[in-house]
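Chemist: Spelled out from the first residue to the last, the chains are:
Protein chains: 2
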Amino acid sequence: MGFQAQWLETVRRKQSLLCVGIDAAEPGQRNEKALPSDLSKVEWTLGIIDQVAPYAAAIKLNRNYYKDISRSEMQRINARIHAHDMLSIDDSKLADIGETNDAGIYHAKAEGFDAITYAPFPGNTLQACAQADKHAIGLIVLVLMSNPEYRLMKEARIGEQPLYLHLAKQVAEGKAAGIVIGAPSDSNHITAHEIEEVAQLLPESLVLVPGIGAQGGELGPILAQFGDRTIANVGRAIIYHQDPAGEAKAYRDRIQALRIS
Amino acid sequence: MGFQAQWLETVRRKQSLLCVGIDAAEPGQRNEKALPSDLSKVEWTLGIIDQVAPYAAAIKLNRNYYKDISRSEMQRINARIHAHDMLSIDDSKLADIGETNDAGIYHAKAEGFDAITYAPFPGNTLQACAQADKHAIGLIVLVLMSNPEYRLMKEARIGEQPLYLHLAKQVAEGKAAGIVIGAPSDSNHITAHEIEEVAQLLPESLVLVPGIGAQGGELGPILAQFGDRTIANVGRAIIYHQDPAGEAKAYRDRIQALRIS
Numbered sequence: 001m002g003f004q005a006q007w008l009e010t011v012r013r014k015q016s017l018l019c020v021g022i023d024a025a026e027p028g029q030r031n032e033k034a035l036p037s038d039l040s041k042v043e044w045t046l047g048i049i050d051q052v053a054p055y056a057a058a059i060k061l062n063r064n065y066y067k068d069i070s071r072s073e074m075q076r077i078n079a080r081i082h083a084h085d086m087l088s089i090d091d092s093k094l095a096d097i098g099e100t101n102d103a104g105i106y107h108a109k110a111e112g113f114d115a116i117t118y119a120p121f122p123g124n125t126l127q128a129c130a131q132a133d134k135h136a137i138g139l140i141v142l143v144l145m146s147n148p149e150y151r152l153m154k155e156a157r158i159g160e161q162p163l164y165l166h167l168a169k170q171v172a173e174g175k176a177a178g179i180v181i182g183a184p185s186d187s188n189h190i191t192a193h194e195i196e197e198v199a200q201l202l203p204e205s206l207v208l209v210p211g212i213g214a215q216g217g218e219l220g221p222i223l224a225q226f227g228d229r230t231i232a233n234v235g236r237a238i239i240y241h242q243d244p245a246g247e248a249k250a251y252r253d254r255i256q257a258l259r260i261s
Numbered sequence: 001m002g003f004q005a006q007w008l009e010t011v012r013r014k015q016s017l018l019c020v021g022i023d024a025a026e027p028g029q030r031n032e033k034a035l036p037s038d039l040s041k042v043e044w045t046l047g048i049i050d051q052v053a054p055y056a057a058a059i060k061l062n063r064n065y066y067k068d069i070s071r072s073e074m075q076r077i078n079a080r081i082h083a084h085d086m087l088s089i090d091d092s093k094l095a096d097i098g099e100t101n102d103a104g105i106y107h108a109k110a111e112g113f114d115a116i117t118y119a120p121f122p123g124n125t126l127q128a129c130a131q132a133d134k135h136a137i138g139l140i141v142l143v144l145m146s147n148p149e150y151r152l153m154k155e156a157r158i159g160e161q162p163l164y165l166h167l168a169k170q171v172a173e174g175k176a177a178g179i180v181i182g183a184p185s186d187s188n189h190i191t192a193h194e195i196e197e198v199a200q201l202l203p204e205s206l207v208l209v210p211g212i213g214a215q216g217g218e219l220g221p222i223l224a225q226f227g228d229r230t231i232a233n234v235g236r237a238i239i240y241h242q243d244p245a246g247e248a249k250a251y252r253d254r255i256q257a258l259r260i261s
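Chain order of the listed sequences is A and X. All residue numbers for the first sequence refer to the working numbering, where the first residue is 1 and numbers rise by one. All residue numbers for the second sequence refer to the working numbering, where the first residue is 1 and numbers rise by one.
Be a bit skeptical, because a hint or two may be false.
[What the hints assert, rightly or not] Heads up, simulated DSSO-like pairs for lysine-lysine below, C-alpha to C-alpha not over 27 Å straight-line:
#	chain 1	residue 1	chain 2	residue 2
1	A	Lys109	X	Lys249
2	A	Lys109	A	Lys41
3	A	Lys175	X	Lys41
4	X	Lys154	A	Lys169
5	X	Lys33	X	Lys169
6	A	Lys109	X	Lys169
7	A	Lys154	X	Lys33
8	A	Lys154	X	Lys169
9	A	Lys41	X	Lys169
[To be verified] Part of the chain X face toward chain A, derived, beta carbon under 8 Å:
#	residue
10	Asp96
11	Glu160
12	Ala224
No lab work stands behind these hints, which were simulated from the structure alone. Ideal Cβ placement from N, Cα and C applies to all residues, glycine included.
Whenever a hint applies, use it, and build me the whole structure from the sequences.
Modeler: Below, the structure written as structure tokens:
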């Protein structure tokens, strides 16, 4: 079963579209929102997973915070995620070419991940899709990022069309498992029209949506287009809250209300 | 001393522009060019470093082949690189935004790297430059990749100019330590004109050049523009040769002949 089908099955069983994104900042790495000094990164991560598990369908590990983790440690984290009937996403934003991308995907699979994120900078999205298929892992391609600096990139012209439509067409052709669209808000540049354009090109694609937690983006316009194919990611607003379980439940319920409305 | 000055000093001391790129494929990861089954990845990597050290000024670790390596193991590898008076480049092709890029750079610094590669997909190159400065590590930004699929990307228009010039201008403004330009060859799309355009925008930038080993690209047109600011990367042609030291010496000598001609 591919990642798209795994996701839809998991959503059905858990009645949740929530994905919890974990960025395990070390004590001293930044001034706030870091893990406590009396727990190892792995133990802290396992604790968060246990707390949010009843309310989440997936966990996304923000890989740049886990560069120090060995394969056996990552396998232990992913085994815990799967034991709770959740899926596991390696948010590596892989951005290389050829066999190096294959290596990044190979490692993610060996570690037990179900999907990996991909930044299509060097242009070889079709090759990466084939590599992900070979390793039986879902590829999730960045298409519409919501950071202010991405505005120029998304509007860059490839021939007659903007880059984001070029990328969406490559995702359709390569049959990638999913894409990333940042949640639109009054303070960013993502528009309902862009979301609709991309959704129409990708009738089966999943969409991973960052930006609905602390950043205040709206899930509604994406949910309207993608329905249960929406992977609604919330990170720090849950994991660094004093009550991660309670916050995960609150987000799950809020998203569920939008989902069935 | 910043990474640019460190590089020029190392080149002067070692009389070499050679950087050896290491992609440690596990046995079973691919059909050929993989490490032997009787050595750990770390031991094999240390062995390669020892063999090429007399002839190289830098080592580039292809990070997607090292996702399983712990911080202490990476520190051991980087200590060995530095003990041989070489510089160490984390070829992660970091491609995220905000604090996640900061995390990737934080880890690279904690592991003992001198520089890290950056894929400017999400557009926030200036922010990444500032983050690299904060952590006292060199940022090397992808600008002109030589893979066939990059042709469309480099020619994408940002307003009136192609993406590669937009990126080169951001590198100049952010004062990144270096850029990546794939070595031009008859079979790829990199032109001498493009190299010259980029070089004129970046009179102090280093340039990391893949593609001159097995891929057969030419170093000459880049060396003509960047001189000793050229980091000439050779990977598999050296590390998977039966005599890595002999091949490293041969490449060093060939590059040296071009350098002083």
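Chemist: So, for every hint listed, does it hold in this structure?
Modeler: Results for each hint:
1. Lys109/A with Lys249/X: 37 Å, violated
2. Lys109/A with Lys41/A: 21 Å, holds
3. Lys175/A with Lys41/X: Roughly 34 Å separates the two Cα atoms, so the pair is violated.
4. Lys154/X with Lys169/A: 18 Å, holds
5. Lys33/X with Lys169/X: 38 Å, violated
6. Lys109/A with Lys169/X: Measuring from Cα to Cα gives roughly 38 Å; hence the hint is violated.
7. Lys154/A with Lys33/X: Roughly 38 Å separates the two Cα atoms, so the pair is violated.
8. Lys154/A with Lys169/X: 18 Å, holds
9. Lys41/A with Lys169/X: 39 Å, violated
10. Asp96: 5 Å, holds
11. Glu160: 10 Å, violated
12. Ala224: 25 Å, violated
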